[in-house]
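Visitor: Each residue of the sequence shown is one higher than the one before, starting from 1 at the first, in full-length UniProt numbering.
By construction, these hints were calculated from the structure, which means they are not laboratory data.
Please note that the accuracy of each hint is not assured.
If you anchor each label on the Cβ, the simulated ranges turn out as follows [to be verified]:
(1) Thr98 / Gly51: 47 to 55 Å
(2) Thr102 / Glu70: 14 to 22 Å
(3) Glu70 / Tyr122: 20 to 28 Å
(4) Asp101 / Ser50: 49 to 57 Å
(5) Gly48 / Cys142: 40 to 48 Å
(6) Thr102 / Thr47: 42 to 50 Å
(7) Ile91 / Ser50: 46 to 54 Å
Beta carbons are placed, not taken as given, at the ideal position from N, Cα and C, and that holds for glycine.
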Amino acid sequence: MDAVTYALCKGYVRKTIDGLGYLKGKNCTIESIVHQDGVNRVTFKWTGDSGTVETRVMEVYDGTPIYVWEAGNTYKYGDLAIYESAFYRCIVENSDSTFDDTKWNEIGSPDGNYDIVRNKDYLPMRFTSADRKMYFAYEENCFYFWNGTTWQEKFKVDDEINDTSTNPVQNKVIYDALDKKQDKLTAGLGVTIEYDSETHLTTIDVNNISSEELEDMWNN
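Build out the structure end to end from the sequences listed, making use of the hints.
Guide: Following this line, the structure appears as C-alpha cells:
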C-alpha cells in the first residue's frame, strides 16, 4: 500500500474548510491532493448548474507527506520515507525495485527530528529538547508526537486502505477530522460530509454557508 499521512493534519484540514465558501450549494469531491515544493495543491471537482464538470485548485501550505517506502513507487526530490529503522529524504528521483541509499539522505537516527521504535513501550519517558519530536512505532504502524509533556498518538496507518484513490490516506484523514466537527457544521446549515470507503474520496455538500461562517464554527 502507498501509505501516506500528514504530520500537520489539523492545519491542513482547517485551511481546506476555510476555502469552501465559493463552493456553497455544490456537491464537491476532493479529486486529488498533490504535494510539491512544500505546497499541497488540493483539486475540488463538482458539476456546475449547466452540467459542466468544473474544478478548482486550492493551495495549502501545512502538511508534510511521509511515505512508507515500497519497491517500484516513484519518489521525488524532497520526499520523506520510512525504510526499515530510519527516516530518509529523497535526493534523487527514483522508482527503484530495491532501496538505493545513494539516492536518499538518512535524517532520522538518532538525533534528528524523527525516530522509529518497535512499539510504543519503547518511547522515551520525556525529551529535554524544546524541538517537537515524532516517533513511528513500527509494529503498530502508528505515529506519536511529543507535545512537551506526554506522547500523543496521532496517525495510525490503516492496512485496509488500498490504492483505489490517488490519495486514499489523505482523503481519509480529511474525512476523520471533518467528521469531528460535523455537529457544528450541520447545525441548521445543510452541510453534509460523506466518505466513500470504496473510492476513498471525501464529499462535502455545502449549502448556504460562507467561508466566514465555516471559520467561525471551526474556531468555536
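Visitor: Work down the list of hints and note, for each, if the structure agrees.
Guide: Results for each hint:
1. Thr98 / Gly51: 47 to 55 Å: Given a distance of about 49 Å, which is inside 47 to 55 Å, the answer is holds.
2. Thr102 / Glu70: 14 to 22 Å: 19 Å, holds
3. Glu70 / Tyr122: 20 to 28 Å: 24 Å, holds
4. Asp101 / Ser50: 49 to 57 Å: Taking Cβ atoms as reference, Asp101 and Ser50 lie about 54 Å apart, which means the hint holds.
5. Gly48 / Cys142: 40 to 48 Å: Holds, since Gly48 and Cys142 (Cβ atoms, about 41 Å apart) stay within the stated range.
6. Thr102 / Thr47: 42 to 50 Å: Roughly 48 Å apart at Cβ, these two residues keep to the hinted range, so it holds.
7. Ile91 / Ser50: 46 to 54 Å: 47 Å, holds
The earlier numbered hints are all upheld by this structure, with none contradicted.
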